[in-house]
Amino acid sequence: MADIFLDKLSSTSVRVQPRSVLGMLWLQTHFDDDAWDFLSYGAIAISGTDAIDLSQDANQSGLQVLFPK
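Residue 254 in the numbering used here sits at position 27 of the sequence shown, with consecutive numbering throughout.
What the hints contain is simulated information worked out from the structure, not anything from laboratory work.
Using N, Cα and C, we set each Cβ at its ideal position, and we do this for glycine too.
Be a bit skeptical, because a hint or two may be false.
Estimated spans, in silico, between C-beta atoms of each pair [as the list claims (entries may be wrong)]:
id, residue 1, residue 2, range
1, Ser237, Phe265, 30 to 40 Å
2, Asp264, Asp234, 13 to 23 Å
3, Asp260, Lys296, 26 to 36 Å
Use the sequences and the hints to build the structure in full.
Quick look at the structure:
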């Protein structure tokens, strides 16, 4: 089971969706407080480059990230 799901919306935009409590807690340490509500709804989009960086960082932290190509 993935902790974070990164859903490619377009060639330049990726939606960030927490899929576990651990994933949400980890994301909260990487986004501003005012983004937390949007994170919980899966309503945050980031660039493809930022998504790759986020995915690598989360994986190094022991989280399971699903980022289909």
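Results for each hint:
| no. | hint | result |
| --- | --- | --- |
| 1 | Ser237 x Phe265: 30 to 40 Å | 18 Å, violated |
| 2 | Asp264 x Asp234: 13 to 23 Å | 18 Å, holds |
| 3 | Asp260 x Lys296: 26 to 36 Å | 32 Å, holds |
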